[in-house]
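J.: Residues per chain are reported as follows:
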Amino acid sequence: MDITQIAQICLYGVLRGFVYSIMALGLTLIFGTMKIVNLAHGILCILGAYLAFSLIDLGLDPYFSMLLLLPLFFIIGVCLYFGIFQKTRDPNSSTVSSFGLLIAIQTLIMIIWNPTPKMAHSYFSDILVPIGVVSLSSSRIVLSALCIFTAFIVHLLLKKTWIGIAIRSTSEDAETSSIMGINVKKVNCIAFSIGLMLACLAGVAYGTNYAFDPFVGLSLSFKGFIVLTLAGIGSTLGLLVTGPFLGVIEGIVGFQLGLGWTDVISYLMIIILLITKPTGIFGGKKI
Amino acid sequence: MKIPFIETLIEIEEYKKFKGLIFLGMVSAFILAVIPVFISLERVYFAFFMFLIFIYIALTVSWNIVSGLAGQFSLGHAAFFGLGAYVAAIGLRDKFFGFFDFRAFLLSAVISMIVAIMVGYPLLGRLRGFYFTLGTLGISETFRLLVINGGEFTGGAWGVKLQTTYDVGFYMYYYAAFIIMILTILLAAVLRGSKVGMNFIALRDDETAAESIGINTLNFKVLAFSISAITPAICGCLFAYYLRYVEPNIVFNTNWSLYPALMALLGGVGSLMGAIIGSVIVGSIVQLISLYFPALHPLVSGTLLILVMVLLPKGILSKLIRKP
Numbered sequence: 105m106d107i108t109q110i111a112q113i114c115l116y117g118v119l120r121g122f123v124y125s126i127m128a129l130g131l132t133l134i135f136g137t138m139k140i141v142n143l144a145h146g147i148l149c150i151l152g153a154y155l156a157f158s159l160i161d162l163g164l165d166p167y168f169s170m171l172l173l174l175p176l177f178f179i180i181g182v183c184l185y186f187g188i189f190q191k192t193r194d195p196n197s198s199t200v201s202s203f204g205l206l207i208a209i210q211t212l213i214m215i216i217w218n219p220t221p222k223m224a225h226s227y228f229s230d231i232l233v234p235i236g237v238v239s240l241s242s243s244r245i246v247l248s249a250l251c252i253f254t255a256f257i258v259h260l261l262l263k264k265t266w267i268g269i270a271i272r273s274t275s276e277d278a279e280t281s282s283i284m285g286i287n288v289k290k291v292n293c294i295a296f297s298i299g300l301m302l303a304c305l306a307g308v309a310y311g312t313n314y315a316f317d318p319f320v321g322l323s324l325s326f327k328g329f330i331v332l333t334l335a336g337i338g339s340t341l342g343l344l345v346t347g348p349f350l351g352v353i354e355g356i357v358g359f360q361l362g363l364g365w366t367d368v369i370s371y372l373m374i375i376i377l378l379i380t381k382p383t384g385i386f387g388g389k390k391i
Numbered sequence: 114m115k116i117p118f119i120e121t122l123i124e125i126e127e128y129k130k131f132k133g134l135i136f137l138g139m140v141s142a143f144i145l146a147v148i149p150v151f152i153s154l155e156r157v158y159f160a161f162f163m164f165l166i167f168i169y170i171a172l173t174v175s176w177n178i179v180s181g182l183a184g185q186f187s188l189g190h191a192a193f194f195g196l197g198a199y200v201a202a203i204g205l206r207d208k209f210f211g212f213f214d215f216r217a218f219l220l221s222a223v224i225s226m227i228v229a230i231m232v233g234y235p236l237l238g239r240l241r242g243f244y245f246t247l248g249t250l251g252i253s254e255t256f257r258l259l260v261i262n263g264g265e266f267t268g269g270a271w272g273v274k275l276q277t278t279y280d281v282g283f284y285m286y287y288y289a290a291f292i293i294m295i296l297t298i299l300l301a302a303v304l305r306g307s308k309v310g311m312n313f314i315a316l317r318d319d320e321t322a323a324e325s326i327g328i329n330t331l332n333f334k335v336l337a338f339s340i341s342a343i344t345p346a347i348c349g350c351l352f353a354y355y356l357r358y359v360e361p362n363i364v365f366n367t368n369w370s371l372y373p374a375l376m377a378l379l380g381g382v383g384s385l386m387g388a389i390i391g392s393v394i395v396g397s398i399v400q401l402i403s404l405y406f407p408a409l410h411p412l413v414s415g416t417l418l419i420l421v422m423v424l425l426p427k428g429i430l431s432k433l434i435r436k437p
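For the protein sequence lines, the chains are A and B, in the order given. Heads up: the first sequence begins at 105 in our numbering, then just goes up one per residue. Heads up: the second sequence begins at 114 in our numbering, then just goes up one per residue.
Some clues are possibly wrong.
[Stated by the list, open to error] Straight-line alpha carbon distances no greater than 30 Å define the calculated DSSO-like cross-link-like pairs of lysine-lysine that follow: (1) A:263 <-> A:222; (2) B:427 <-> A:139; (3) A:264 <-> A:290; (4) A:222 <-> A:290; (5) B:308 <-> A:191; (6) B:308 <-> A:290; (7) A:381 <-> A:222; (8) A:289 <-> B:308; (9) A:264 <-> A:289; (10) B:427 <-> B:308; (11) A:290 <-> A:191; (12) A:139 <-> A:222.
[What the hints assert, rightly or not] Quick look at which bits of chain A chain B covers, simulated, 3 or more residues with Cβ under 8 Å: (13) 188 to 194; (14) 198 to 204; (15) 220 to 226; (16) 248 to 259; (17) 357 to 366.
[What the hints assert, rightly or not] Per label pair, the in silico range of CB-to-CB distance: (18) A:176 <-> B:234: 44 to 54 Å; (19) A:381 <-> B:409: 36 to 46 Å; (20) A:279 <-> B:146: 52 to 62 Å; (21) B:397 <-> A:191: 55 to 65 Å; (22) A:215 <-> B:401: 34 to 44 Å; (23) B:270 <-> A:214: 14 to 24 Å; (24) B:153 <-> A:379: 48 to 58 Å.
Keep in mind that the hints were calculated from the coordinates and are not lab data. Ideal Cβ positions, reconstructed from N, Cα and C, are used throughout, including at glycine.
Take these sequences, add in the hints, and give me the full structure.
T.: Dropping the structure here:
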């Protein structure tokens with residue numbers, strides 16, 4: 105392995121990791137407010153990628169069709185929240201129903217599109233940009249810029265705006281915040297829907313750069329959760345560090361041992377992490 | 114910590130109101146045992162249907178031991194199911210034992226128990242409630258990927274073929290599944306009445322209180338986990354002998370963890386009767402749908418899971434019993 109290869113692997117890993125960061129950001133919002141581990145998060149990303157893929161036929165570039173998909177996912181989020189997650193009795197049964205949702209969406213995708221791997225081709229994918237010894241597809245640069253920008257927007261949203269403060273106080277203590285006049289159901293609904301919008305964004309970003317099929321749903325959810333666990337709950341910008349970290353590790357493992365091992369490493373990592381350091385690196389709260 | 118699934122347990126006293134149901138179960142078990150004497154089972158769909166229902170009941174009842182009695186919601190049954198299947202397949206390929214060998218069933222049960230203990234101590238020691246569920250799901254996926262990447266020994270993603278010229282009739286499969294089911298039900302019933310089972314229930318209802326009266330909660334949790342790992346391994350063994358072909362994506366499929374959970378949730382978590390009723394209902398629905406609309410059946414099971422969690426969080430049996 106010479107220096108060019110290492111640079112290439114690390115750079116590609118970092119850029120891939122930003123997608124995980126955005127996914128984990130959505131998971132954090134959902135997990136923080138409702139204590140649900142949304143196992144369907146990964147497949148919802150993939151659903152976004154498939155929708156963007158289909159909109160290419162209408163002549164829309166994936167990055168522009170995102171403008172249509174984001175409101176759609178907000179509506180899907182509201183429907184899912186009021187249809188399922190508000191009605192379940194406790195976080196455990198919500199999580200079990202999110203697993204049911206994962207399987208249902210996965211099958212729907214397989215029926216509507218077929219299970220062969222696909223890739224949403226963007227206008228930016230063809231332009232190569234040389235950076236030093238490595239050359240990059242400009243689509244990946246657009247992707248990472250978009251992800252970092254989104255993370256900062258969400259960070260500001262959480263810290264500065266009224267709804268962000270409401271979301272944070274609900275995730276701190278739902279009962280007390282409802283006494284303080286916060287409509288917890290509304291806040292949960294908004295947090296869930298924003299989470300799904302972030303899933304859609306991550307999905308489109310993933311779909312324009314990497315091949316996707318309906319079976320990566322669960323492993324994507326797991327990766328989002330690893331990034332989340334590494335950073336700790338409540339650390340928005342920490343996710344921007346831990347996501348690329350996972351991406352680089354995956355890249356190195358995939359290069360040295362073969363691509364089949366990357367998922368093994370991530371599953372083992374989450375188990376070891378949960379056992380040894382459940383507080384994360386940046387957050388102080390135990391999940 | 115409170116584990117909300119389990120508040121809905123149907124207590125032993127309430128069983129007495131349902132002596133009729135238990136009697137019905139015994140009669141139907143007897144009928145199922147003697148049916149093969151009167152009708153031929155070869156090339157009859159009914160035989161295969163009942164074969165799978167028996168396996169589902171055995172899996173659900175064993176899932177109920179760790180998740181219903183001991184209160185640790187596990188989604189790791191697929192790991193043990195696949196393990197049992199691979200023990201049978203690799204054992205046959207490397208000539209450790211023959212086709213449909215009793216030793217294979219025994220060995221798979223032992224290996225699965227040991228693995229459950231090895232996995233159970235770190236997982237159950239550190240993870241509570243939902244994180245344990247996530248950990249078990251991770252374990253079963255890890256097993257699948259390890260087997261896919263296992264190279265020559267596990268046959269990789271191609272799997273292992275169980276090559277044999279020896280043929281047992283379908284009677285053998287039918288009765289093997291039937292016996293596994295009956296033994297699992299007996300094991301669960303005996304456990305429930307015994308002191309060990311009482312300890313499981315105590316630590317499920319209130320872990321701190323159980324610890325304060327001198328129950329080593331970690332040991333009992335791991336015990337429940339390893340006991341519940343026996344049946345899936347034996348079922349996996351039987352399933353491998355039935356399919357004669359073992360592939361990681363079939364035997365480590367998440368369905369093998371999902372269906373037991375779904376069936377027990379539908380019937381009522383923690384009750385033996387509920388597990389059996391739930392498996393018969395869900396098993397029949399899933400099989401009939403996969404017979405008539407093969408492409409749709411994961412969609413239906415996923416939707417069913419959501420509907421059960423939303424509409425019937427306490428299970429069907431609670432609806433039956435709580436009638437005025």
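J.: Compare the structure with each hint and give your call.
T.: Going through the hints against the structure:
1. Our distance criterion of 30 Å between C-alpha atoms is broken by residue 263 (chain A) and residue 222 (chain A), whose separation comes to about 38 Å.
2. Taking the CA atoms of residue 427 (chain B) and residue 139 (chain A), the gap is about 21 Å. The hint holds against a cut of 30 Å.
3. Proximity of residue 264 (chain A) to residue 290 (chain A) is assessed by CA-CA distance (about 19 Å); at most 30 Å being required, the pair is judged to hold.
4. Of the supplied pair hints, the one linking residue 222 (chain A) and residue 290 (chain A) is violated, its CA atoms being roughly 37 Å apart against a limit of 30 Å.
5. As the CA atoms of residue 308 (chain B) and residue 191 (chain A) are separated by approximately 37 Å, the hinted pair breaks the 30 Å bound.
6. This hinted pair does not check out: residue 308 (chain B) and residue 290 (chain A) have alpha carbons roughly 48 Å apart, beyond 30 Å.
7. Between the alpha carbons of residue 381 (chain A) and residue 222 (chain A) the distance comes to roughly 37 Å, so the proposed pair goes past 30 Å and is violated.
8. Between residue 289 (chain A) and residue 308 (chain B), the direct Cα distance comes to roughly 44 Å. Violation of the 30 Å bound is thereby established for this hinted pair.
9. Between residue 264 (chain A) and residue 289 (chain A) the CA atoms are separated by roughly 21 Å; this keeps the pair inside 30 Å, and the hint holds.
10. Annotation: proposed proximity of residue 427 (chain B) to residue 308 (chain B) holds, straight-line Cα distance about 26 Å (limit 30 Å).
11. Between residue 290 (chain A) and residue 191 (chain A), the direct Cα distance comes to roughly 14 Å. Compliance with the 30 Å bound is thereby established for this hinted pair.
12. As the CA atoms of residue 139 (chain A) and residue 222 (chain A) are separated by approximately 33 Å, the hinted pair breaks the 30 Å bound.
13. With 5 residues bearing a CB less than 8 Å from a CB of chain B, the region 188 to 194 of chain A meets the requirement of three and the coverage assertion stands.
14. Counting residues of the region 198 to 204 of chain A whose CB lies closer than 8 Å to any CB of chain B gives 6, which reaches the minimum of 3, so the coverage claim holds.
15. Counting residues of the region 220 to 226 of chain A whose beta carbon lies closer than 8 Å to any beta carbon of chain B gives 0, which falls below the threshold of three, so the coverage claim is violated.
16. Given as covered by chain B, the region 248 to 259 of chain A fails the check, having 0 residues with a CB less than 8 Å from a CB of that chain where 3 are the minimum.
17. Counting residues of the region 357 to 366 of chain A whose C-beta sits closer than 8 Å to any C-beta of chain B gives 3, which meets the bar of three, so the coverage hint holds.
18. At roughly 46 Å, the beta-carbon separation of residue 176 (chain A) and residue 234 (chain B) lies within the given 44 to 54 Å, and the hint holds.
19. Evaluation of the 36 to 46 Å hint for residue 381 (chain A) and residue 409 (chain B) yields a pass: the beta carbon distance comes to about 43 Å.
20. Distance hint check: the CB atoms of residue 279 (chain A) and residue 146 (chain B) are about 55 Å apart, consistent with the given range 52 to 62 Å.
21. Distance hint check: the CB atoms of residue 397 (chain B) and residue 191 (chain A) are about 26 Å apart, inconsistent with the given range 55 to 65 Å.
22. Taking the beta carbon of each, residue 215 (chain A) and residue 401 (chain B) are about 19 Å apart, not inside 34 to 44 Å as hinted.
23. A beta carbon spacing of about 19 Å between residue 270 (chain B) and residue 214 (chain A) agrees with the range 14 to 24 Å that was offered as a hint.
24. Checked against the hint of 48 to 58 Å, the pair residue 153 (chain B) and residue 379 (chain A) passes, with Cβ atoms roughly 53 Å apart.
Hint check: violations occur at hints 1, 4, 5, 6, 7, 8, 12, 15, 16, 21 and 22; the rest are consistent with the structure.
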